[in-house]
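Protein chains in written order, with this note's numbering: chain A, 1099 to 1802; chain B, 297 to 894.
Honestly, the hints are just simulated from the structure, not real lab data.
These numbers were taken from a predicted model, which means no experiment stands behind them.
Virtual Cβ for every residue (Gly too), placed ideally from N, Cα, C.
Each hint should be verified, as a subset may be incorrect.
Unchecked claim - If you want a taste of the chain B side facing chain A, the calculated C-beta under 10 Å gives, among others: (1) 308; (2) 523; (3) 712; (4) 886; (5) 889.
Claimed, not checked - Covered, in the sense of this in silico footprint (three residues per stretch, anywhere, with C-beta under 8 Å from a C-beta of chain A), are these stretches of chain B: (6) 339-348; (7) 771-784.
Stated by the list, open to error - Only pairs whose alpha carbons sit at most 16 Å apart, straight line, appear in this in silico EDC-like list of lysine to aspartate or glutamate: (8) B:735 with B:691; (9) B:735 with A:1232; (10) B:559 with B:540; (11) A:1540 with B:320; (12) B:735 with A:1230; (13) A:1255 with B:540; (14) B:559 with B:574; (15) B:735 with A:1380; (16) A:1532 with B:320; (17) B:735 with A:1654.
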Amino acid sequence: MTYRIAVDTGGTFTDAVVADASGILALGKALTDPERNFTGVQAAIADAAAQLGRDPRELLAATDVFIYGTTRATNAIVTRRTARTAMLLTEGFPDILVYRQGGKLRPHELTVDYPDPYVPRHLTFEIPERIDAEGGVVTPLDEARTRAVLEELAALKVEAVAVCLLWSIANPAHERRVAELIAEHLPGVPYTLSHALNPVLREYPRASSTAIDASLKPLMQEQLRLLERNLAASGYTGELLVSASLGGVMHVEDMIGRPIHLVKSGPAMAPIAGLSYAALEELGEDVVVVDTGGTTFDVSLVRNGQVSHTRETWLGEIYTGHLLGMGSVDVRSIGAGGGSIAWLDAGGLLRVGPHSAGARPGPACYGAGGEEPTVTDAAVVLGYLNPAHFLGGRMALDPAAARRVMAPIAARLGKSIEDSALAIVTVANENMIKAIQEITVKEGFDPADAILVAGGGAAGLNILPIARALGMRRVLIPRTAGALSACGALFSDMGGEAGASRYATTAEFDFAAVDALLDRLERELDEFARSLAARGLADFSRSLAVEARYAGQIWELEVPLRGRLRTAADLAALIEDFHLEHERVFAVRDPDNPIECIHWRARLRAALPRGAQRPLPQGRAGALHARAARTAYFGLLAAAPHAAAVFHGEDLAPGDRVSGPAIIEEPTTTLVVYPGTTVTVTPYGHYLCALAGPAATDAQGART
Amino acid sequence: MSEPAALSEDFDPVLLAVLSNRMDAIVREMTNTLLRAARSAVIAMSRDFSCCLVTGDGRLLASAEAAPVHVFGTHLQAQAMSELHRDLREGDAFLHNDPYLGNTHPADHTILVPVFCAGEHLFTAVAKAHQADIGNSIPTTYHAAARDVYEEGALIFPCVRVQREYRNVEDIIRMCRRRIRVPDQWYGDFLAAIGAARIGERRLQALAAQYGVPMLKDFVAAWFDYSERRIVQEIRRLPAARLENTTRHDPIPGVIPDGIALKVVLEIDPVAARIDVDLRDNPDCLPCGLNESMACAINNAMTGVLNCLDPDIPHNAGSFRRLRVHLRENCVVGIPRFPHSCSVATTNVGDRLVNATQSAFAGIGDGWGLAEGNTALSSGCAVVSGRDARHGERDYINQMFLMGGGGPASPSSDGWINLLIPVGAGLLYRDSVELDEQKYPILVRSLRLMRDSGGAGRYRGAPGTEVVYGPRQRAMRVVSAPDGWCTPPRGVHGGGDGTPGADHVLHADGRETKIEGFIDVELVPGEYIRGRDCGGGGYGDPLEREVARVLHDLRERWISRPQAEAIYGVVFREEDGVLAVDEAATQEARKRLAAARD
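Based on the provided sequences and hints, a complete structural model is requested.
Here's what the structure looks like:
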């Protein structure tokens, strides 16, 4: 018997999921220990092991795949606990990280300070050298002055160095030479070169990713090595894999070399889970995935079976945060969740968020001193949450406190407490609807035909009305919704990517040069494939893509290649694919205009062994009985009381149908079945809800 | 003064929140479409464009993240469309860049699409984008020296139909292709704007199908009332005041030798909950391209006001009921008399208007209003043109965005670094040096923020930027019309002024030539142009600046040690090789410096 384990360390909880060839067996949860990471990891594994009746050490010894995901890199950036990092830039251009790319969200807000750069100016140094757009040397590298800068870095005791020189993507000679000088003057100090990490055009995203990567090296290298040692000491003998921003997993050694890929580790796995659940249940290949926590709501997208990626991930707010600058799974986070606070603005409009009660003091119903009404409080007032069975009974809720803090808003709105709670949930839904629209309709994707997979502890409270407002007809809530990222890691592949920039226009296409370049990228992947094969992986798939634009456009669109580009017919196919994509995303095509190809990418995925999931046994011996009934409130604008049947997940079997109003309680999540909707238990034990098309009542589920 | 209606019983506040979010989402989707699909750097890289929704009867409804200078006044264009075209129907689109008929300035090509829901013209979707070229007599979209619209030379489209039945009116497209430089670039941008407006149309129609036309109409009325309530509450917390402020656009030799004196009169009436801005006491239209269009005169005065109010108030026809801008005919900041040119209406005089209005607000007292921001649209934002020897001598023309533009200090923060200019409001994106060098045959030699350039103060103005660039293989023409080279952005309440802007040609032999006011130079390879924009003005007495901020400014090289000591009165000492503040000595030094002023 061999097991696979995925562990995901979040800000509050650490999740551990244990699976074998038949599928997921147990889901363990423990509090994250910010001081000693392994404490939470160990406790979560122990929780899962206990459910299986096994000793944790034995379980680890019988495990052959261990995948780790963590938000610690992101936390280190947010709390500024990364290494003391120096930034080396081409002489004359010291302010790339200060300027960023310009832009601002609120034009009339002139009373906020401009945010500091990722690397402070006093740790930013100018290197005398210059290369032009075609790779020619305008100013040779001044080695003597570069050495003087490096001596200064040594005196300043910097712990990491980021190097980003203009046009290093066209000619990396100067960056490479600076690296040699760093090794000489600052032996043992980790550094990152922009052309090696992220060979893209545009100095800001490249410099930003270089700075972030270098700044994470000392800390994340130490943490991953420590985890490796702790796991070995706990009985695990296999290799440690780490989930990466691109949605695949990486060997720990590769991650240590490029820790920037840790930034979306964890959340990047949610769409993989969504796709896997949808595929398992044969629900299609277009999937919108949401993950609702206490303070954030994450959305991602799978289109035609492909997880959506982006090169525009910001750490912090768009424009004023720091640009990741690298490709990553497109996971959009908004500050919305159970802890979001409701308030009335000066004009009497009900607003929810962006302020959150967080984990401390948390919503008023937590009884820890929260005095402002939150979405969770509203859910308690509406009877959606069971005060005695919250988080699988880990915490008791105080419904009286929830009603008390709701009263002032109710008085000002002139509504009852229940109507006000309903209004809070509706407005909170609106923020989430907007977040889903941002990643779907704004990118030219109509969510109506996609399946919505909802994970996270709070997802089941309001996902059905949200889906309805978006015109979505099918919603899947996995039984394991409470640990979506960790489950996703178990379904993920090993991923590798090789990329290069080379300009080519379809007006006079240089077949030979492009073919040579694709050849080089494929060879890079061959090498990667060989190293994977040596580790026992055999199931590979490859793909090629180009980022292209109409002649003179500024922004590129990624278009998959059908294969290598060797004939006029190959090129004609690419041109047609580009026109189609442009029309889909931007509503227009420009058929007479040549297309400029900018970046080329080759990707390789290697499937990890995961066995085949088996469906659960169908049917039941006796009739389905609710455990209890409680009053819950539903409606569009006015809350009407309904007697809602309460079911426990463990009582439900494939084929069971639960009609609303009802509530299904699982140990890590709660699913509210709205009146007029029916939830079916799928062959694999998950919850599927079919909805009618959009209606004016969409803001709050069905008519009541 | 009548009270705005209380939150009406018959329109639910929850639906109000829902539908206002949907409207904003539509505008954001339009914006994203235009940004990503556009061809010229000025639009796709710098985001010099805006999208908005106007009601069928011509009232501004939603303008998420749009530039104020672009959208306040769009209602004039939508109204012109309905008045000129009695045969509006679904599938129509109009091109409007006429500054005498509601547009900002001729470079802003505006696409208007009437949106029909259940057969009724319910909304107009608007996409306005600053073009890289519009066929002017010289290669720039800012022709400051143009004596009139004829010398300016722009093709003017007084709301002309460019699509019927969703198909181009090819006559108009051909006209533009004959007269606009680099026509493929223009056509790509035209398509992008049409695409954006059509996306808005689709989404609005879907919304109407879902909620029904009557409910959307009720929503619009309720949303305007809500927005009005918000601004009423805000104005009621202001003291009653009549505030006057004057400023001056700097001279342009040969065009406006004495500059242009400007005056803004503000009246705040908290009882009536109304703010009036009077611009009538100003010079007549001038024989140059600096005249404001009516749209710009209104929206620049309003921007100055809104910069000083709660930024969370929705900006639409509802909140604008409480703001009035008084204009007169034939005035440089009023209603332009044809054929006076409004080529440069969106920036120079407009920037002075925003500055004068927001700093007039500071006249209420310490804690109110703002200092002034950068007014120099330096050579870092010039329109450059020439031929590219790397690509078969192909023509190029475009506006660069390599400036910074120091933002004004406020009563609670230092200035914003990427302000650009007051009317740009920090919304525009910067160019990437690498992308500029790939697209155009130029070499940027340096680009940096300048130490000690922000006006000192309790809160400091943002530093200005210096950029140096030149052509590589062939000559290049550089055209711009920077203000701010004599009179820098002023500080308020004891805050210092920012540094003025300056543009120089750097010759191959090391000589430098200063350019005064209007830049129109041809550089040959080996020559460079150096553009400096202004630092922002400071707010409050620099001797009251938190010492921690002064120390941070010194470490981060925003200010020099002499400035930290002489202007801010902070005394430093070394602690284990690290610079620290000597608190006691600083208090003494500040007392001494304050006494020396009297």
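Comparing the hints with the structure gives:
Hint status for residue 308 of chain B: holds, given a least beta-carbon distance of 5 Å to chain A, under 10 Å. The closest approach between the C-beta of residue 523 of chain B and any C-beta of chain A is roughly 7 Å, which is under the 10 Å cut-off, so the hint is satisfied. Interface restraint check for residue 712 of chain B: the shortest CB-CB distance to chain A comes to about 5 Å, inside 10 Å, so the restraint holds. Against a cut-off of 10 Å between C-beta atoms, the interface hint on residue 886 of chain B is violated, since the closest Cβ of chain A lies about 23 Å away.
The closest approach between the C-beta of residue 889 of chain B and any C-beta of chain A is roughly 25 Å, which is over the 10 Å cut-off, so the hint fails. Counting residues of the segment 339-348 of chain B whose CB lies closer than 8 Å to any CB of chain A gives 4, which reaches the minimum of 3, so the coverage claim holds. A stretch counts as covered by a chain when three or more of its residues have a beta carbon under 8 Å from one of that chain; for the segment 771-784 of chain B and chain A the count is 0, and the coverage is violated. This hinted pair checks out: residue 735 of chain B and residue 691 of chain B have alpha carbons roughly 11 Å apart, not beyond 16 Å.
In summary, the hint linking residue 735 of chain B to residue 1232 of chain A is supported, as the alpha carbons are separated by about 12 Å, within the 16 Å threshold. A hinted pair counts as satisfied when its Cα atoms are at most 16 Å apart, and residue 559 of chain B with residue 540 of chain B qualifies at roughly 7 Å. Pair hint residue 1540 of chain A plus residue 320 of chain B holds up; C-alpha atoms about 12 Å apart against a cutoff of 16 Å. Annotation: proposed proximity of residue 735 of chain B to residue 1230 of chain A holds, straight-line Cα distance about 12 Å (limit 16 Å).
Distance restraint check for residue 1255 of chain A and residue 540 of chain B: the Cα-Cα separation of roughly 55 Å exceeds the 16 Å cut-off, and the hinted pair is therefore not satisfied. Taking the CA atoms of residue 559 of chain B and residue 574 of chain B, the gap is about 9 Å. The hint holds against a cut of 16 Å. A hinted pair counts as satisfied when its Cα atoms are at most 16 Å apart, and residue 735 of chain B with residue 1380 of chain A does not qualify at roughly 47 Å. At most 16 Å may separate the alpha-carbon atoms for a hinted pair to count; residue 1532 of chain A and residue 320 of chain B meet this at roughly 9 Å.
Between residue 735 of chain B and residue 1654 of chain A the CA atoms are separated by roughly 14 Å; this keeps the pair inside 16 Å, and the hint holds.
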